[in-house]
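Protein sequence lines correspond, in order, to chains E and L. Counting from 1, one number per residue, gives the positions in the first sequence under the UniProt record's numbering. Counting from 1, one number per residue, gives the positions in the second sequence under the UniProt record's numbering.
There could be a bad hint or two in this list.
SDA-like, lysine to any residue: derived pairs with alpha carbons at most 20 Å apart [what the hints assert, rightly or not]:
hint	chain 1	residue 1	chain 2	residue 2
1	E	K23	L	K137
2	E	K137	L	E148
3	L	K23	E	Q33
4	L	K23	E	D141
5	E	K137	L	Q26
6	L	K137	L	K153
7	L	K168	E	K194
8	E	K194	E	K23
9	E	K23	L	Q33
10	L	K168	E	E28
11	E	K137	L	K168
12	L	K137	E	K194
13	L	K153	E	K137
14	E	K153	L	A304
15	L	K153	E	Q33
16	L	K137	E	K153
Hints in this document: simulated from the structure, not taken from any laboratory.
There are 2 protein chains.
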Amino acid sequence: MKLTLLNSTFKADFDIIEKELEKAIQSEIELLQRASVQLLKAGGKRIRPVFVLLAAKFGSYNIHMIKNTAVALELIHMASLVHDDVIDDADIRRGQPTINYTWDDRIAMYTGDYILARSLDYMTNIRNPIAHQILSKAIIDVCNGEIEQIRDKYRFNQTLRDYLRRIKRKTALLIAVSCELGAVSAGTDEAIYKQLYKFGYFIGMSYQITDDILDFTGSEQELGKPAGEDLRQGNITLPVLYAMNDEKLKSEIIKINDQTGKKEMFDIISQIKKSGAIEQSHLLSKRYLQKALEVLDELPSVKAKKTLREIAHYIGKRKY
Amino acid sequence: MKLTLLNSTFKADFDIIEKELEKAIQSEIELLQRASVQLLKAGGKRIRPVFVLLAAKFGSYNIHMIKNTAVALELIHMASLVHDDVIDDADIRRGQPTINYTWDDRIAMYTGDYILARSLDYMTNIRNPIAHQILSKAIIDVCNGEIEQIRDKYRFNQTLRDYLRRIKRKTALLIAVSCELGAVSAGTDEAIYKQLYKFGYFIGMSYQITDDILDFTGSEQELGKPAGEDLRQGNITLPVLYAMNDEKLKSEIIKINDQTGKKEMFDIISQIKKSGAIEQSHLLSKRYLQKALEVLDELPSVKAKKTLREIAHYIGKRKY
Chain E
1 MKLTLLNSTF KADFDIIEKE LEKAIQSEIE LLQRASVQLL KAGGKRIRPV FVLLAAKFGS
61 YNIHMIKNTA VALELIHMAS LVHDDVIDDA DIRRGQPTIN YTWDDRIAMY TGDYILARSL
121 DYMTNIRNPI AHQILSKAII DVCNGEIEQI RDKYRFNQTL RDYLRRIKRK TALLIAVSCE
181 LGAVSAGTDE AIYKQLYKFG YFIGMSYQIT DDILDFTGSE QELGKPAGED LRQGNITLPV
241 LYAMNDEKLK SEIIKINDQT GKKEMFDIIS QIKKSGAIEQ SHLLSKRYLQ KALEVLDELP
301 SVKAKKTLRE IAHYIGKRKY
Chain L
1 MKLTLLNSTF KADFDIIEKE LEKAIQSEIE LLQRASVQLL KAGGKRIRPV FVLLAAKFGS
61 YNIHMIKNTA VALELIHMAS LVHDDVIDDA DIRRGQPTIN YTWDDRIAMY TGDYILARSL
121 DYMTNIRNPI AHQILSKAII DVCNGEIEQI RDKYRFNQTL RDYLRRIKRK TALLIAVSCE
181 LGAVSAGTDE AIYKQLYKFG YFIGMSYQIT DDILDFTGSE QELGKPAGED LRQGNITLPV
241 LYAMNDEKLK SEIIKINDQT GKKEMFDIIS QIKKSGAIEQ SHLLSKRYLQ KALEVLDELP
301 SVKAKKTLRE IAHYIGKRKY
């Protein structure tokens with residue numbers, strides 16, 4: 001998240017979240033501590049905490065009440081990344097070595113478990129049963145999504161619908177829930193937190209589609225991993241689905257596996273870029289963004305609305 | 001758990017838990033569903049639910065209130081077993097193929113995550129903040145224990161203290177928490193649920209030591225896995241620690257690794273059995289059991305006390 005979007009009061013609150021995250025991952029077990037710190041220092045955009053805080057502005061905002069929700073959600077996200085990297089056999093993320101690369105899959109599995117457990121600890125500070133239900137259902141759905149992602153790897157005959165359901169669970173859901181729970185934690189009416197959920201859902205869908213586009217258009221330096229790596233790992237994303245409408249290109253894409261070499265990948269990436277698939281994907285991403293902005297318009301006028309709108313535009317234009 | 005110990009009213013309640021467990025692991029994702037059902041059908045003694053139910057008898061017992069606690073705890077236990085089997089590279093558990101064996105480590109990782117997430121879902125039905133705090137702290141400690149277990153593998157110079165701390169986190173803690181939360185869920189006074197925690201802790205320590213003894217004295221058929229498998233996988237248990245007091249035996253034990261053959265293992269197991277290490281381990285197990293019974297004596301006179309005492313004796317004598 002580009003922090004210049006956020007004003008100084010907000011930045012102070014954001015620092016509180018960052019400090020709390022550092023505190024959250026402390027462990028008396030040195031190995032866990034090192035692995036967790038490595039993960040935290042690798043950074044990330046912290047978009048879930050940002051959405052929690054901004055959504056809370058629609059209710060009675062109190063950073064000490066909502067920080068538990070923000071920290072719990074970021075920890076759930078971090079835990080899912082660690083397990084994700086095991087599944088994807090990823091060596092680097094955000095330009096930093098992954099936990100499974102630095103140590104091994106087993107350490108990564110328990111580091112993920114540990115961070116999830118820490119998030120539960122923060123959840124216990126949330127005294128609202130609705131929040132608990134929303135969070136546990138979200139975690140279940142994230143797990144369902146992860147299993148779907150394994151199942152759908154290299155499954156080249158999947159549909160757009162399969163893809164959309166997958167990215168909903170992989171990304172949009174937790175962003176939607178961040179918006180929703182920020183509002184719930186600040187005691188807004190149901191109509192408002194449901195509306196914020198929708199906003200987060202549409203933003204999340206747009207965000208993930210952009211991510212999937214960047215996997216093809218970004219440079220290795222920007223991505224912190226080689227371009228086309230998702231495809232090489234068998235993750236069939238939107239640009240790939242569109243590109244496969246070209247039968248000739250399809251016949252080459254379906255030959256890809258995790259042994260496919262750099263040169264070959266470079267060639268296929270170029271063809272995908274030329275096929276119009278990137279532009280089509282951008283269109284769908286923009287359509288979701290548009291829906292997010294429409295939903296936002298219907299929300300009450302508070303200052304945070306402007307920031308949320310700016311973030312939405314930023315997400316639409318981001319380059320990495 | 002030998003169900004003959006339990007009377008018929010209790011059995012009816014126990015059936016409710018079993019049905020609820022079946023419901024809990026339902027998943028729309030076929031692969032997850034199959035993996036979870038395989039795990040559930042492999043059985044297990046369900047000692048955590050039994051302790052939850054019996055401890056609840058010290059307060060105002062209502063099966064529909066406490067079933068959430070019982071199911072949540074059994075699911076946490078099941079999730080930890082799935083991840084455990086990945087760490088131990090175990091092919092079978094309770095005579096049934098493990099999830100990592102039937103599918104692979106990655107499916108097992110997410111099946112564990114999924115089952116843990118389902119347990120959170122049951123936790124959300126528990127309307128007591130104390131219960132949530134106890135549970136989340138317990139899950140954190142279980143994770144710490146798992147990492148310690150990885151770290152301590154094949155570390156032959158560890159102390160009795162290392163071992164005891166490890167089995168506390170691996171086993172005793174969740175049994176202690178089962179007793180504690182059964183009572184908390186039934187609204188007992190703090191003095192009673194703290195006392196039941198202690199009872200569960202001592203029983204759990206005794207139980208795990210017996211488990212570790214059985215790894216040497218049980219037959220492959222009883223154990224559902226080859227004897228000495230813990231040691232071959234580098235898990236240094238109490239009988240091994242005692243056996244290493246004999247320098248000659250120690251020099252052979254420290255050569256063991258996961259490539260050690262059946263014949264060699266058979267030979268070392270025989271020597272461990274002859275060394276007196278099994279008898280010494282039994283003594284410590286009995287001492288914990290004795291402490292459990294003393295703690296039990298101090299609790300108010302309710303009918304469940306007799307059953308708890310019988311279970312304690314059963315655990316002391318169990319053969320598998």
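Quick rundown of the hints versus the structure:
Using a Cα cut-off of 20 Å, the hinted pair K23(E) and K137(L) holds, with the two alpha carbons roughly 15 Å apart. Of the pairs offered as hints, the one joining K137(E) and E148(L) is violated, with about 30 Å between alpha carbons and a cut-off of 20 Å exceeded. A C-alpha spacing of about 36 Å is found between K23(L) and Q33(E), which places the hinted pair above 20 Å, so the restraint is violated. For the suggested pair K23(L) and D141(E), the alpha carbons sit about 16 Å apart, so the restraint of at most 20 Å is met.
Annotation: proposed proximity of K137(E) to Q26(L) holds, straight-line Cα distance about 14 Å (limit 20 Å). Our distance criterion of 20 Å between C-alpha atoms is broken by K137(L) and K153(L), whose separation comes to about 24 Å. Of the supplied pair hints, the one linking K168(L) and K194(E) is violated, its CA atoms being roughly 44 Å apart against a limit of 20 Å. A distance of roughly 31 Å separates the Cα atoms of K194(E) and K23(E); the hinted pair therefore is violated under the 20 Å criterion.
A threshold of 20 Å between alpha carbons decides the hint, and for K23(E) with Q33(L) the separation of about 36 Å lies outside it, so the pair is violated. Our distance criterion of 20 Å between C-alpha atoms is met by K168(L) and E28(E), whose separation comes to about 16 Å. A threshold of 20 Å between alpha carbons decides the hint, and for K137(E) with K168(L) the separation of about 31 Å lies outside it, so the pair is violated. For the given pair, K137(L) sits about 31 Å from K194(E) by alpha-carbon distance, which is inconsistent with the 20 Å threshold.
Taking the CA atoms of K153(L) and K137(E), the gap is near 36 Å; set against the 20 Å cutoff, the hint is violated. The straight-line distance between the Cα atoms of K153(E) and A304(L) is roughly 52 Å, outside the 20 Å bound, and the hint therefore fails. Our distance criterion of 20 Å between C-alpha atoms is met by K153(L) and Q33(E), whose separation comes to about 19 Å. Pair hint K137(L) plus K153(E) does not hold up; C-alpha atoms about 36 Å apart against a cutoff of 20 Å.
In summary, the structure is inconsistent with hints 2, 3, 6, 7, 8, 9, 11, 12, 13, 14 and 16 from the numbered list given earlier, while agreeing with the others.
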